[in-house]
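Single-letter residue listing:
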Amino acid sequence: MLTLSNISKTFNPGTVNSKTALCDLSFHADKGDFVTIIGANGAGKSTLFNAISGSFMTDSGRILLDGKDITLMPEFKRARQIGRLFQDPMRGSAPGMSIEENLSLAAGHGGWLSSISKKDKENFRERLALLQMGLEDRMKQPVGLLSGGQRQALTLMMATFNPPKLLLLDEHTAALDPGTAEKVLILTKQIVEENGLTCLMITHNMQSALDLGNRTIMMNNGSIVYDVSGDERKNLTVSDLLLKFKESVGKELDNDRMLLS
Amino acid sequence: MDLNSILALGENALQLGLISSLTVLALFLSYSMLNVCDLSTDGCFTLGATVGAVVAIAGHPLLSIPVAMAAGVLSGFITAFLQTKMGINSLLAGIIVNTGLYSVNIAVMGNSSLLNMNRTKTVFTMLKEALADTPFSQEYVLIIALIAVILVVIFLSLFLRTKLGLAIRATGDNPDMVRSSSINPVFTTIVGLCISNSFTALSGCLLAQSQKSVNIDIGTGMVTIALASLLIGGIFIKKGKIPLRAVGVVFGSIIFRVIYTIALRFDMPAYMLKLVSSIIVIIAISAPYLKSKIPALKRRFALKFGKEAA
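For the record, the sequence lines run as chains A and B.
Be aware that the first sequence starts at 0, since it is given in numbering that gives the first Met the number 0, and climbs by one per residue.
Be aware that the second sequence starts at 0, since it is given in numbering that gives the first Met the number 0, and climbs by one per residue.
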């Protein structure tokens, strides 16, 4: 489904601030794979997502999605096939527009001059009811009135309204309180499983990195340093992961958030 | 002052308010929806006026309106192109286009800074003739202005409900979201500015033809006057549906002209118009900010004078 071959990205090349964020990275995910991605800050996890979704062009290498070369495709065109969620719940929806209007943009069917039909509204209502947050009765309200958790759940719904070929989750529960985060994670799992989505999820929570999905990769300095799936992964514990990190990186994991959570 | 002259003044304010409300509606789209402060408004207003006048003088009064609007679309396209494809800051893009349009406008008027339309057949004189024997014979300016405003309000109300309209609103509301979505912000910005500038040009075209002359300064300060009207309209109708808000800004424009007319009656010199509109814009934009500072100032004040334990 997704193939990255030898992609590299260096920011500010040729200056003192030169930083190699992705270093000759290759990766392949099959259709239906749910890959969790861990790594210290600055390891290149988000940069990897930016490269896949087209926020910038990579310096070298190729990106293939579903057999199609998307290396040079602009971001908004890739967005039709790639859904993406960020850590900041405010980032995925327009606060001044109603829930209904936001969903209509995400649904995206109909021509440029079509407006929201009765059928669309019923469809939105049914989908919103699945979130079990009572949003189906607030469709005319501006999204700005929703809580962070509600907004992130709505964003998840918008990103997967038309099942994308690839779903990128960039620590999408990190800014939520534990209860809400749990709820959004369960919802994520449900939506990914129901639609058989191929999904990459960055997380700082080692436990959910192991609990969710069928494969885990660890990044460091713009490369994948550890890739585990199948039976080996099933028997893995959080302390094993931390040990692996020390082995491959050569130092202790210095991120309290990752250790404590 | 007798009732008749008050009525005449009121009607004058109403006419001017309605005609300039087309520019206010343009800013409603570009400033309130797309969140772009389009500083090419002055030049584009004048462009609409000069192009419309030249076409009318050439003997095509009806054609003058679509041609003026097309000129506005072109001007809006250039402003949008500069800020989306050439990496020029959006305020700067507006200023650059505005400056360039000064030369363009003089060129359009045939190397002159003034055109007279006293004997020209315009949409206004055409309606005046058509209404010659009816009780509305003197209301021709008002009728045309009202029709134009109603059409633009209806257009905006319908347009902003379409998928394209929603995409334009989202571009202004949350650029981050749009950047990582399947909406192309370059496209929505270009479409939004083309449409808004066509209204600005229409506004200029109608003003010039209603006052039967156009000079190079006709649009000077228009962006501030329109912003003042937009913000006055926003005081009355802040939230609510788009059609209601659009009607609100039209009222804002009329109210602005009425206040201005009253001020003139109290011997305010006419040249004060632009200063007054500047001050209104300053107050309207800074008031919410200053208001949010009041609690902190109060505490600081109380602390300084020992009324609150430190």
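Honestly, I wouldn't trust all of these hints.
Derived contacts from chain A toward chain B, CB cut-off under 8 Å, selection only [to be verified]:
| no. | residue |
| --- | --- |
| 1 | ALA28 |
| 2 | GLY31 |
| 3 | MET56 |
| 4 | GLY60 |
| 5 | SER92 |
| 6 | ALA93 |
| 7 | LEU112 |
Here are a few chain B residues that face chain A, going by a calculated C-beta distance under 7 Å [unchecked claim]:
| no. | residue |
| --- | --- |
| 8 | SER102 |
| 9 | LYS162 |
| 10 | ASN173 |
No lab work stands behind these hints, which were simulated from the structure alone.
Just so we're clear, the structure is a prediction, and the values are computed from it rather than from any experiment.
Virtual Cβ for every residue (Gly too), placed ideally from N, Cα, C.
Cross-check of the supplied hints:
no.	hint	verdict
1	ALA28	violated, 20 Å
2	GLY31	violated, 23 Å
3	MET56	violated, 15 Å
4	GLY60	violated, 21 Å
5	SER92	holds, 6 Å
6	ALA93	holds, 4 Å
7	LEU112	holds, 5 Å
8	SER102	violated, 35 Å
9	LYS162	holds, 5 Å
10	ASN173	holds, 4 Å
In summary, the numbered hints that this structure violates are 1, 2, 3, 4, 8.
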